[in-house]
Amino acid sequence: MHIPDGFIDLQTSAIFAGAAAVCVGVSLKGARKELDDKSAPLAGLTAVFIFAVQMLNFPVGAGTSGHLLGGALAAVLVGPWAATLALTVVLLMQGFLFADGGLSAIGLNVFNMGVIGVWVGYGVYLIVKRVLPKRKASIALAGAIGGLISVPAAALGFVIQFALGGNATFSLTSVFTAMIGTHIVIGIGEALITGLTISAIMASRSDLVHGWKSNESKLLIKES
Amino acid sequence: MSIKKDYKFYLVFFAAALVLAAVFSFYASSSPDGLEKVAGDIGFAESAKDHANSDFALADYGVAGIENERFSVGIAGAIGVVATGAAASVLFLALRRKKIE
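Protein chains in written order, with this note's numbering: chain A, 1 to 224; chain B, 1001 to 1101.
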């Protein structure tokens, strides 16, 4: 999913770099309100975990692989603002240290994975959570479905960028069909990893999970 | 929840990420990912340019000069985990709301 240099022209890349920068700026403000002594370390660890799991490409059918994007996972664990920032840190590390994702394409990649992936994943999670019973298992299930949808949504971001500024000219319909089709399958892997990770953390430290805290926060009196 | 319990949890979470990046990464699929596959199938893969940092010592998740693939990707993964952890910690600890004493 990491766009290399050259796929998208510089003008379009610059527009998305600007849009991504605005989103990161807004997220810095939002995260400042949300993060406290307990959630700040969790946000850092979420970035670390996403970096690690993004290295673990899993096979999806013949000669294709996919990896976790992590937007929905991060949003459920630490809230959407900190999630965008966590993904941005990961993408900067990958782009600069590991030559994964073009440097001119960083804005495109942050926009697709750090903004679209996070907010679509989080939005779907909130909707699904609303219809499920208020139980711990619902958080993991809603997060998994958020993850499932977030991957083709991020792929759609690429299709839009390709339509606006693709350096090669190919039928948009075929790019759209291939990108969405492939990434729905990758989304299943995203859903599994997201659901399992949230379950594991809910089982041990549900008090740290953003998506669960927002249920409980009115009832809990913080000790410390 | 005690501070001690918090640190234990953070440590376990970090260790899990480190093991995934340093050990399990070797077993990751090396097939092209979704975007690369689509680019190849449709035909715009050639429009990709070489990465500006493609000669960098850690490019493509390997350490330049280490022949053994398992060590090369494992060490690169461990470096990535530590570097991401350092950058993210600085950012998020700076952003956190200070407790009102």
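Any given hint could be a false lead.
Residues from chain B that face chain A, not an exhaustive set, calculated with beta carbons under 7 Å [claimed, not checked]: (1) A1017; (2) H1051; (3) T1084.
Note that these hints are calculated values from the structure, not bench results.
Please read all numbers here as calculations on a predicted model, not as lab measurements.
Glycine included, each C-beta is placed from N, C-alpha and C at the ideal position.
These are the hints, each one checked on the structure:
1. Here the hint on A1017 (chain B) is kept, as its CB sits about 4 Å from the closest CB of chain A, short of 7 Å.
2. Hint status for H1051 (chain B) relative to chain A: holds, with the closest Cβ pair at about 4 Å, below 7 Å.
3. Because the closest C-beta pair between T1084 (chain B) and chain A is about 4 Å apart, less than 7 Å, the hint holds.
Violated hints for the displayed structure: none, as all numbered hints are satisfied.
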